[in-house]
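Spelled out from the first residue to the last, the chains are:
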Amino acid sequence: MPDIYFENHANTRVDERVIDVMLPYLREYYGNAQSIHSLGTHSKDAIEKARSQVAQLIGGQESEIYFTSCASEANNLAIKGVAQAYRQKGRHIIVSEIEHFSVLNAARRLSQQDFEVTVLPVDQYGLLSPEDLKKAIREDTILVSVQHANPEIGTIQPLAEIAGLCRERNIPFHTDAVCTAGIMPIEVTKLGVDLLTLSGAQFYGPKGAAALYLKKGIRIVPQIDGGIQENGRRAGTENVPAIAGFGAACEIAAQEMEDNYRHMIKLRERLIKALPEKIPYLYINGHREKRLPNNINISVEFVEGEGMFLFLDQKGIYVSSGSACASKALKMSHVLAAIKVDTAVGQGSILLTLSKYNTNADIDYLLAEFPPIVAKLREMSPLYGYFQKTGQRRAAGPGTDYEHEHEDDQNQEDG
Amino acid sequence: MPFYSEKVMDHFQNPRNVGEIKEADGTGEIGNPVCGDMMSFYIKVKDNIIEDVKFKTFGCGAAIAVSSMVSEMAKGKTLDEAMLITNASVAQELGGLPANKMHCSNLGADALHKAIEDYRKKQGEKS
Numbered sequence: 002m003p004d005i006y007f008e009n010h011a012n013t014r015v016d017e018r019v020i021d022v023m024l025p026y027l028r029e030y031y032g033n034a035q036s037i038h039s040l041g042t043h044s045k046d047a048i049e050k051a052r053s054q055v056a057q058l059i060g061g062q063e064s065e066i067y068f069t070s071c072a073s074e075a076n077n078l079a080i081k082g083v084a085q086a087y088r089q090k091g092r093h094i095i096v097s098e099i100e101h102f103s104v105l106n107a108a109r110r111l112s113q114q115d116f117e118v119t120v121l122p123v124d125q126y127g128l129l130s131p132e133d134l135k136k137a138i139r140e141d142t143i144l145v146s147v148q149h150a151n152p153e154i155g156t157i158q159p160l161a162e163i164a165g166l167c168r169e170r171n172i173p174f175h176t177d178a179v180c181t182a183g184i185m186p187i188e189v190t191k192l193g194v195d196l197l198t199l200s201g202a203q204f205y206g207p208k209g210a211a212a213l214y215l216k217k218g219i220r221i222v223p224q225i226d227g228g229i230q231e232n233g234r235r236a237g238t239e240n241v242p243a244i245a246g247f248g249a250a251c252e253i254a255a256q257e258m259e260d261n262y263r264h265m266i267k268l269r270e271r272l273i274k275a276l277p278e279k280i281p282y283l284y285i286n287g288h289r290e291k292r293l294p295n296n297i298n299i300s301v302e303f304v305e306g307e308g309m310f311l312f313l314d315q316k317g318i319y320v321s322s323g324s325a326c327a328s329k330a331l332k333m334s335h336v337l338a339a340i341k342v343d344t345a346v347g348q349g350s351i352l353l354t355l356s357k358y359n360t361n362a363d364i365d366y367l368l369a370e371f372p373p374i375v376a377k378l379r380e381m382s383p384l385y386g387y388f389q390k391t392g393q394r395r396a397a398g399p400g401t402d403y404e405h406e407h408e409d410d411q412n413q414e415d416g
Numbered sequence: 049m050p051f052y053s054e055k056v057m058d059h060f061q062n063p064r065n066v067g068e069i070k071e072a073d074g075t076g077e078i079g080n081p082v083c084g085d086m087m088s089f090y091i092k093v094k095d096n097i098i099e100d101v102k103f104k105t106f107g108c109g110a111a112i113a114v115s116s117m118v119s120e121m122a123k124g125k126t127l128d129e130a131m132l133i134t135n136a137s138v139a140q141e142l143g144g145l146p147a148n149k150m151h152c153s154n155l156g157a158d159a160l161h162k163a164i165e166d167y168r169k170k171q172g173e174k175s
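Residue numbers (the numbering used here), protein chains in the order written: chain A, 2 to 416; chain B, 49 to 175.
These are computed hints drawn from the structure, not numbers from a lab. If you're wondering where the values come from, they're calculated on a predicted model, not measured in any experiment. Please note that the accuracy of each hint is not assured.
[What the hints assert, rightly or not] Here are the simulated DMTMM-like pairs of lysine to aspartate or glutamate, each with C-alpha atoms no more than 20 Å apart in a straight line:
1) A:K45 - A:D21
2) A:K267 - A:D365
3) B:K55 - A:D115
4) A:K316 - B:D58
5) B:K102 - A:D21
6) A:K316 - B:E77
7) A:K274 - A:D363
8) B:K92 - B:D58
9) A:K377 - B:D128
10) A:K377 - B:D58
11) B:K170 - B:D158
12) A:K390 - B:E173
13) A:K390 - B:E71
14) A:K377 - A:D314
15) B:K162 - B:E173
16) B:K70 - A:E380
17) B:K94 - B:D166
18) A:K332 - A:D343
19) A:K390 - B:D58
20) A:K332 - A:D21
21) B:K170 - B:E54
[As the list claims (entries may be wrong)] Cβ-Cβ distance ranges computed for the label pairs, FRET-style:
22) B:K55 - A:E270: 19 to 29 Å
23) A:I20 - B:K55: 31 to 41 Å
24) A:E270 - B:R168: 55 to 65 Å
25) A:E270 - B:E120: 41 to 51 Å
26) B:G144 - A:Y366: 30 to 40 Å
27) B:K55 - A:I273: 52 to 62 Å
28) B:E54 - A:H335: 45 to 55 Å
29) B:N96 - A:Q315: 35 to 45 Å
30) B:E54 - A:A11: 56 to 66 Å
31) B:E120 - A:R395: 47 to 57 Å
The C-beta atom is built at its ideal place from N, Cα and C for all residues, glycine as well.
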């Protein structure tokens with residue numbers, strides 16, 4: 002059975018070349034980067050090389066790159082660190098409602114202290130309106146955080162415009178670019194962002210290393226107190242092998258970005274076209290054009306996501322689902338809820354995210370195996386049975402109602 | 049350790065007694081407000097014994113496995129015996145369920161009991 006990995010927003014397979022760069026820092030150069038003997042110097046050099054590679058990928062200065070253990074940590078550092086540094090100026094923070102939980106929950110934590118948080122809505126495609134942001138900004142706003150692209154529905158925000166609004170008003174602007182860095186070209190100066198989060202694990206680097214770009218002049222309060230690592234802004238012994246691997250992943254990504262981008266978008270377009278053709282009552286979530294090259298988010302009506310997920314798993318196809326049943330919290334994904342996907346339809350949501358390693362053969366295999374799985378589950382589904390008999394839709398239970406009219410013809414064409 | 053037991057996966061992948069009974073003697077339907085699952089049970093009764101059971105389920109792997117297991121447990125039992133099938137006994141027969149999926153097991157027995165009550169009500173109306 003094949004192993005077909007379609008969960009690349011969760012994590013990616015590490016590039017062999019990255020592993021080769023990392024291994025010496027596990028085997029031979031194990032010194033602490035803060036030690037000034039020769040072994041420590043090797044580690045220090047590896048970190049500084051990686052810093053330069055990260056800076057080059059996003060067009061920043063080396064001195065503006067701070068390594069963290071993961072993107073969640075970088076997001077926490079950005080949100081809490083800026084809030085605390087600017088609290089004399091104001092206590093108001095703005096985020097979008099489809100941010101990653103490491104932004105949303107960091108903001109929520111601040112709102113339990115003495116900060117006020119405005120959570121901006123998005124439209125049915127997941128786009129934030131710059132007009133809404135303009136209206137939400139106040140005299141005491143000290144931070145705005147809007148992600149570059151959404152990991153679930155792939156929607157890419159009009160970031161330069163959003164950043165411009167903040168710049169005009171001198172408000173620090175942070176973006177979580179975990180889904181775009183290493184996948185699409187990013188230039189921090191062109192985007193006009195003050196802080197940016199990126200993670201190597203999303204583009205063939207190892208887990209355990211991420212970074213926060215912090216523009217010169219933007220103040221931040223460290224969230225881990227300790228030694229002098231990372232210029233005193235992030236204490237803790239550096240994870241040298243992971244940071245070295247992260248740096249290598251940045252360099253490879255910069256070199257091969259265009260080819261990988263084109264390759265993934267070809268596969269994505271195949272799926273977006275073929276899936277609704279092969280499976281009726283299947284809808285594509287997110288924006289048609291302003292979309293990550295590797296993201297496909299679908300809702301399959303009358304079936305539940307976890308069932309599809311498990312059957313696909315049995316076929317060696319690994320995906321994610323945004324359905325309530327598939328989540329440990331038993332809640333539909335906050336992103337699908339934000340773009341107002343009907344709960345009844347959102348139950349059947351599946352997320353497929355591609356990498357440079359996916360092939361046309363992977364897509365062929367999915368397209369062959371997936372429709373019979375849906376057919377089997379629909380055969381079992383009382384909701385589908387009811388629809389076949391009556392032509393009417395009904396909800397599974399209280400609180401899971403249909404709220405929107407479903408215009409099948411239109412949806413099928415759109416898909 | 050896999051998320052679901054082998055037995056759950058078996059019942060999920062090869063569910064027993066899927067379908068509807070056209071002229072069912074009793075039907076029961078339960079929706080779950082927690083996660084939006086739904087189960088419909090159909091029974092055929094002869095001489096106070098559940099002669100045939102069919103179900104349809106919209107829900108996760110656990111919900112489907114629970115329905116399948118309940119249908120197997122109910123078949124051939126008297127109505128009174130079938131009323132004694134509990135959520136706990138279903139979960140036990142399945143070799144356990146993950147903690148956050150225990151609520152799914154509530155649905156199966158409830159839907160079956162509802163079908164039995166429906167049958168009894170109809171019998172009462174006839175006599």
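Status of the hints after comparison with the structure:
no., hint, result
1, A:K45 - A:D21, "holds (18 Å)"
2, A:K267 - A:D365, "holds (13 Å)"
3, B:K55 - A:D115, "violated (51 Å)"
4, A:K316 - B:D58, "holds (15 Å)"
5, B:K102 - A:D21, "violated (57 Å)"
6, A:K316 - B:E77, "violated (32 Å)"
7, A:K274 - A:D363, "holds (15 Å)"
8, B:K92 - B:D58, "violated (25 Å)"
9, A:K377 - B:D128, "violated (33 Å)"
10, A:K377 - B:D58, "holds (15 Å)"
11, B:K170 - B:D158, "holds (18 Å)"
12, A:K390 - B:E173, "violated (28 Å)"
13, A:K390 - B:E71, "holds (16 Å)"
14, A:K377 - A:D314, "holds (15 Å)"
15, B:K162 - B:E173, "holds (16 Å)"
16, B:K70 - A:E380, "holds (15 Å)"
17, B:K94 - B:D166, "holds (15 Å)"
18, A:K332 - A:D343, "holds (13 Å)"
19, A:K390 - B:D58, "violated (30 Å)"
20, A:K332 - A:D21, "violated (41 Å)"
21, B:K170 - B:E54, "violated (39 Å)"
22, B:K55 - A:E270: 19 to 29 Å, "violated (42 Å)"
23, A:I20 - B:K55: 31 to 41 Å, "holds (39 Å)"
24, A:E270 - B:R168: 55 to 65 Å, "holds (57 Å)"
25, A:E270 - B:E120: 41 to 51 Å, "holds (45 Å)"
26, B:G144 - A:Y366: 30 to 40 Å, "holds (33 Å)"
27, B:K55 - A:I273: 52 to 62 Å, "violated (38 Å)"
28, B:E54 - A:H335: 45 to 55 Å, "violated (33 Å)"
29, B:N96 - A:Q315: 35 to 45 Å, "holds (40 Å)"
30, B:E54 - A:A11: 56 to 66 Å, "violated (26 Å)"
31, B:E120 - A:R395: 47 to 57 Å, "violated (27 Å)"
Going down the numbered hints, you'll see the structure goes against 3, 5, 6, 8, 9, 12, 19, 20, 21, 22, 27, 28, 30 and 31, while the others check out.
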